[in-house]
Every structure is written in structure tokens, then in C-alpha cells.
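One-letter residues, chain by chain:
Protein chains: 2
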Amino acid sequence: MNIESVDFFYLSMPEVLNIGDGSQDALLVRVRAGGLEGWGECEASPLTSIASYVCPMSHSACKPVKYSVEGMPLNSKEDIYNVSNTVRHNSSDLLQTDHTLSGIDIALWDILGKKFNEPVYKLLGYKKAYPKLPYASQLFGDTPEETFLKAKTAKQSGFKAVKFGWGPFGKQTLHSDIAHLTAAREGVEDGIYLMIDAGAAWSNSVTAANDRLPPLCKIKAYWLEEPFANMELGSYKKLSESVPGVALAGGEGCHNFVQAAAMIKHAGLKFIQIDAGRIGGITVAKQVADLAQVNNITYVNHTFTSHLALSASLQPFAGIEKDFFSEYPVELKSLAKDITQNKIVPDSDGYIHVPEQPGLGITVDVQSLKKYVVDVEIKVRGKIIYHSPKL
Amino acid sequence: MNIESVDFFYLSMPEVLNIGDGSQDALLVRVRAGGLEGWGECEASPLTSIASYVCPMSHSACKPVKYSVEGMPLNSKEDIYNVSNTVRHNSSDLLQTDHTLSGIDIALWDILGKKFNEPVYKLLGYKKAYPKLPYASQLFGDTPEETFLKAKTAKQSGFKAVKFGWGPFGKQTLHSDIAHLTAAREGVEDGIYLMIDAGAAWSNSVTAANDRLPPLCKIKAYWLEEPFANMELGSYKKLSESVPGVALAGGEGCHNFVQAAAMIKHAGLKFIQIDAGRIGGITVAKQVADLAQVNNITYVNHTFTSHLALSASLQPFAGIEKDFFSEYPVELKSLAKDITQNKIVPDSDGYIHVPEQPGLGITVDVQSLKKYVVDVEIKVRGKIIYHSPKL
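Chains D and C, in that order, give the protein sequences. Start counting the first sequence at 5; every next residue gets the next number (the numbering used here). Start counting the second sequence at 5; every next residue gets the next number (the numbering used here).
It is possible that some hints are incorrect.
Said to hold, decoys possible - Cβ-to-Cβ under 8 Å is the rule here; a few derived chain D residues that face chain C: (1) G38; (2) C59; (3) D102; (4) A183.
Derived by calculation from the structure, the hints in this document are not laboratory data. We put the beta carbon where it would ideally sit given N, CA and C, even for glycine.
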């Protein structure tokens with residue numbers, strides 16, 4: 005079969021707030037081939053990604069993403085690798101490419117799984133999928149009291165691991181950060197994995213990050229995530245050598261394999277966090293998972309959107325038993341919840357399981373999404389080159 | 005004064021060919037502030053960059069570029085640094101950002117130079133601008149005979165340095181590559197710097213690149229540029245240690261400081277090539293030039309478009325006497341020529357000079373550009389959020 009159509013759906017909450025919550029809008033991708041339908045999601049600016057898909061060619065290395073996708077054969081894994089390589093080759097000077105490719109690649113794996121009646125992780129070569137321990141991923145409260153209550157709620161909901169990030173953390177005083185950290189630990193109490201995400205708050209300042217290490221040690225933070233901007237290799241490396249130390253996690257900003265490889269090799273990370281919706285899809289994420297294994301670094305998914313994105317982000321490391329943490333968003337906006345009919349929910353032991361149904365094992369709830377559609381029209385030289393397709 | 009308006013103009017040749025010639029379209033940026041006008045150019049997909057400027061916010065780290073630019077103060081260098089930092093902070097999850105910021109940043113420096121009646125390089129802290137030796141930058145011919153003729157013409161035009169790249173090179177057989185290399189050297193004869201640009205043809209294959217080292221040595225190639233994809237640190241490093249060796253050049257694909265820093269530190273480069281129209285503008289390019297100096301790596305501009313882009317790309321290393329090579333495109337399409345009224349042309353000794361006039365020292369030829377304007381309209385939720393402004 006061949007790729008017959010690729011449709012992008014820009015969905016949004018009626019109001020998007022100026023907070024670090026990536027579930028406020030979404031860019032869904034629907035691919036059709038041979039009577040099958042696959043779905044993917046880009047963790048990306050919807051309008052910008054759509055533009056990169058349909059834009060006119062600038063030169064041989066700056067072609068629209070569309071150029072290397074529509075009409076291509078889709079009968080095997082090799083066909084997906086071919087699309088992935090061809091897109092990145094033909095659009096290497098189009099910066100938005102990797103984000104746009106991500107949702108397409110995810111949808112291609114979903115289709116291939118449906119064609120072969122296998123979950124994606126099996127197509128990737130894993131014999132079985134191991135359960136993952138979801139960490140309740142949420143924003144810090146505006147106040148330490150709010151952080152405490154959020155922590156308590158997460159624990160009461162049965163989560164054995166909790167992560168706080170963004171919000172006021174790292175942006176105010178050291179005193180304020182310590183208050184939030186203490187509140188988080190007091191809220192979840194002992195015996196719960198507690199991860200802290202600085203949301204790149206310190207840019208490249210190792211000093212600012214160093215100041216937080218003693219309090220992070222005190223609350224037994226399991227990791228410190230994104231102290232610096234993505235690819236700040238030197239700052240990461242230096243911080244990783246600090247004493248007392250906290251294990252470092254990072255990589256969500258990587259948008260291709262070589263960036264993730266640089267983070268694995270040069271940043272002193274213990275955890276590499278990959279968003280399949282940004283790095284080029286499941287294809288590239290799996291390459292990173294393989295590299296992480298060889299380098300004894302734990303692979304963790306980065307997911308802060310729908311359960312379609314969650315399933316996609318779990319597939320690349322589904323079969324790696326020792327890498328058992330999974331980011332699990334617990335503050336999704338209604339849009340992100342409404343994207344899927346079924347959800348990936350923790351079992352009675354608190355673990356989640358990669359779907360065993362064909363493809364991603366997720367059913368998109370087309371009907372309930374209609375109210376979120378953002379109508380977009382792009383005209384070039386008087387000709388409409390993109391109009392929001394019918395859901 | 006404050007930034008009053010930022011206008012993007014998408015310009016294009018009537019026909020864009022599937023060749024590695026980046027001068028076939030252009031994205032010009034006009035910024036107005038305090039009665040002054042500055043111009044910049046993004047080396048980027050025009051439609052995609054425009055979309056990233058006007059798109060709705062997705063979340064706090066995925067804001068449209070516009071959010072951090074319009075209305076901002078513009079009275080000093082620090083104000084430009086502030087815009088640069090703010091854009092990258094507010095749009096860190098919007099992949100296209102750096103390409104879009106580049107043209108804006110360049111225009112801001114142009115304005116500031118006009119305000120203080122100084123060329124940009126002086127505002128950057130350089131006391132004087134040293135002459136640069138332009139290398140005639142062109143594509144390989146389709147046949148070795150064509151490459152030979154191009155080489156001969158470049159020499160006859162007075163160029164003391166010539167670069168060939170892209171075209172068939174690296175994409176066919178080793179035999180074909182050797183024929184092109186030999187033709188290039190025979191065309192320019194001895195005593196001329198001859199650089200070779202593989203255009204990332206070998207992706208990450210050190211073996212394929214290694215095979216070309218003996219013939220590159222034989223023709224006394226001054227450097228081998230972009231054997232691999234941008235940021236293929238390990239492959240670059242390995243090739244840099246090969247014997248016989250050829251000096252490696254790379255970096256044009258870097259779209260921010262940390263990527264360039266990684267290339268400088270980990271790729272074994274002798275030359276770092278930066279396009280101010282991609283890396284975030286003059287601000288970031290100057291930071292890379294400073295870092296290259298500390299690391300004893302030669303900074304070279306990457307420029308394959310207009311003389312507005314050429315002036316912008318020269319400013320960041322204008323005052324570094326020892327870094328005297330400058331990429332100089334010699335096969336510009338009429339659009340790229342028509343963008344500027346004045347040009348940067350080699351003197352009788354074959355050297356070019358950074359303009360001494362205020363700002364970038366380049367006058368945009370507004371009248372002659374009207375025929376190249378690509379009319380674009382973007383509508384979101386029925387409301388026009390971008391329409392090509394009047395030139």
C-alpha cells in the first residue's frame with residue numbers, strides 16, 4: 005500500500021493560558037493507506053508545523069515535509085525508515101521539520117501495526133512490553149501550600165512516583181525553591197519517588213543549580229530534570245560532577261538523534277527523556293533508546309499531552325525491563341483527555357501497561373474533538389494550500 | 005525608542021529549482037523604530053518562519069516569536085540581547101524560532117547602527133574591520149567538464165579562493181568524485197585556495213568520507229566541509245583524526261549557540277561556519293565567534309544569499325584579523341542580486357571589505373523587489389493573522 009493522505013488537525017482549548025501546560029492545544033495527524041487509518045500527534049506549534057508541511061520549496065534541502073511523504077510506499081518497517089530518512093534529507097534546512105515529521109511517523113507505525121495486527125512495540129523488535137511505573141507529572145503549585153496539597157493528592161491517588169516542575173520553581177529565590185521542595189516531600193511523605201523538573205530555569209548557570217543541590221539531596225530527589233537549556237552540554241556535565249550530587253535527567257528538547265546522542269555522551273546524564281512527538285517520531289526515539297542502553301543511561305518518555313502521545317512515547321522502550329519509569333501527566337486539559345476514547349490507566353499495583361491492541365492501541369474520539377477544531381486557511385499567491393480538513 | 009513594527013516579506017523567483025541554491029527565495033524582515041528602518045534576512049523557509057511569528061500561543065514556552073519582539077525597547081546593545089534572550093526563552097519549544105529570530109536580530113542591529121551612526125561591527129566591540137578574502141562559492145558542475153569551466157572562470161575573475169559543493173559530489177561513485185575534484189584543481193590551477201563542500205552527502209558514514217581523503221589531499225583541498233549531517237559529532241571527530249587528513253569545516257546547520265559550541269568542542273573542526281540568518285542573528289553569531297577564538301578555531305561566515313545577508317554574516321567576525329576567509333556566493337539568482345542597491349565587491353587585490361556605513365551599510369532596493377513578492381494570507385478562526393505587507 006501507499007500513503008494516500010496526510011491530514012493535520014489543529015485543536016485547542018478555547019483559552020490558552022501562559023503556563024507550562026502543553027496539553028492546551030494539539031496537532032493531530034491522520035494518515036490513510038490501503039483502507040487503514042493511523043493517528044499521530046506532534047508536540048509542536050500547530051500552525052507552524054502545518055506551514056512546514058505545505059510550504060513551497062525553497063531549494064533542494066528545504067522542501068516542504070509533504071514532498072517526501074505523500075504517495076510513498078508503506079508495507080514494512082523499512083518503508084517507514086525510508087520516509088523518516090527522506091524527510092530529514094529533503095528538509096534538512098527547514099527547521100520545523102522534526103516536530104512535523106514526529107506526528108506523521110507515529111501515525112505510520114499505527115497503520116503498520118494495524119496492517120500486521122501487532123502492537124507497535126513488537127514491530128520494533130521487542131518480544132514483550134514490561135510494565136512501567138508512572139510518575140504523576142504536574143506543575144508546582146503557585147505557593148508551597150498548593151504544592152503540598154498536590155503532592156498529597158497524588159500520593160492518595162496511588163502514585164508511587166511524583167514529579168513537580170515549572171511553575172514558580174527556579175524563577176524566584178532559593179528560599180522559595182526550598183519551601184516548594186520541602187512541601188513536595190512532606191506531601192508525598194517518605195517511600196515515594198520524587199522527581200524535580202527545573203524547566204531549564206537556570207539557562208546555563210551552574211552556580212544557580214548548585215545552590216539547589218543540598219535541598220534536593222535533603223528531600224531525596226530522585227532526579228533533577230532540565231536544570232539548563234537543551235544541549236547545554238558543558239553546564240550539564242559540570243553539574244553532574246558536583247558533590248553532593250543529584251542524578252540529572254534531560255533531553256526533552258532534542259529534536260533529532262544526534263542531539264540526543266550528544267546529550268547521552270557529553271552531558272553526564274543518568275536519564276535521557278525523549279518526546280516521540282518532537283524527536284522525529286517512534287523511529288528516531290527507538291534509535292535513542294538503543295543508544296541509551298549501550299551507554300547505561302535510563303530511557304524515560306517525555307509526555308505531557310494525550311494518551312495517544314503517551315502510547316507513542318512508550319513504544320520505543322516498551323521492551324526494556326530495567327527502564328521502568330514513565331512520565332504520566334495528571335493535569336490534562338479536557339482537550340487532551342477527549343482526544344482518545346480509551347486511556348492507559350495504572351493497575352492495582354500502580355503500574356501502567358503499553359496497549360496490546362494493534363498499532364498504538366488507542367482509539368481517537370473523532371466526534372468529541374469537533375468542538376476543539378481551530379479553523380486554519382493558508383493562501384499563497386491567491387491559492388489555498390491548506391484548509392483544516394474535515395474530522 | 006521602541007520596536008514599532010516588524011514586517012516579513014516573502015520573495016521568490018518565479019520558478020524554484022530542485023538544486024542546492026539557497027538564493028531562489030528569500031525572507032526579508034523590515035523593522036521600524038523611532039523613525040528608523042532596519043533590514044534583515046532569514047535563511048529559512050519563508051512561509052514556515054512567518055507562521056512561527058504569528059501563530060497562536062500553545063503554552064508558556066511555545067509562544068509566537070512576535071510575543072517577545074513588538075513594543076520592546078531598542079536603545080542599546082543590551083536591548084537587543086534582551087530581545088534575543090526573551091524570544092528564545094518564550095519560544096523554546098517552537099522549533100522554527102531561531103531561524104525567524106535571525107532576520108529580526110539582524111534588522112535590530114541595522115537600526116541601532118543607524119541610530120548611533122556606526123557600522124554594526126563597531127557596536128559589537130571591534131575597533132576596525134579587517135579585509136576578508138572571499139572564496140567564490142559555487143555548486144559543482146553536472147559534469148567534470150562543467151566543474152573545470154566553472155573553476156577556470158572563477159580564477160579568471162580574480163578570485164584567490166574557490167569553493168565547490170553540492171551538485172553531484174558525494175552522491176555518485178568515488179570515481180566520479182575524483183573526476184570532479186581533479187577538474188576543479190585543474191581549472192583553478194595551483195596557488196589558489198580550493199575548498200570542497202560535501203553538503204552532508206555521507207550522512208554519518210566515516211568510511212565514505214575516508215575514501216575521499218586521499219584524492220582531497222592530492223588536489224590540496226584547503227578544507228572538507230560538511231561531510232556529515234550537522235551535529236554528527238562522533239563521525240566528525242573520527243574523520244578529523246584520519247591520516248592522511250584534511251582540515252574539516254562545518255556548522256552551517258547550527259541554529260543556536262549551544263549547538264555551535266558542541267561542534268567547536270567535540271567535532272574536531274578547524275573551521276566553524278556560521279550563518280547569521282539561521283543561528284539567531286548577529287547576536288548569537290558574535291558569541292560563536294568569541295568562543296571560536298578562545299578555542300583556536302577559525303570562524304567563517306556561511307552565506308549563500310544576498311549582500312544584505314553577506315554584510316550581516318561578516319559583522320560578527322569583522323574585527324578578527326586572522327580569520328580572513330569569507331564565503332562569497334557567485335551564482336546568485338536575480339532576486340538575491342536585486343535585494344540590495346549596493347554590493348560588497350572585491351577590491352583590486354581580491355579582498356572584500358565590511359561596509360563602513362551606519363548599520364549594515366546596505367540599502368535595500370525596495371522598488372525592484374515588488375515583482376518577487378509572494379502574496380501570503382494566513383487565517384485562523386476566520387481572522388486574518390498575516391497578510392503580506394506593502395513593500
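Hint check results:
A hinted interface residue such as G38(D) counts as satisfied when its beta carbon comes closer than 8 Å to some beta carbon of chain C; here the least separation is about 29 Å, so the hint is violated. Hint status for C59(D): holds, given a least beta-carbon distance of 4 Å to chain C, under 8 Å. Interface hint at D102(D): satisfied, since its Cβ lies 7 Å from the closest Cβ of chain C, which is below the 8 Å cut-off. Checking A183(D) against chain C by beta carbon gives a least distance of about 22 Å; that is not within 8 Å, so the hint is violated.
Hints 1, 4 from the earlier list are contradicted by this structure; the remaining hints agree with it.
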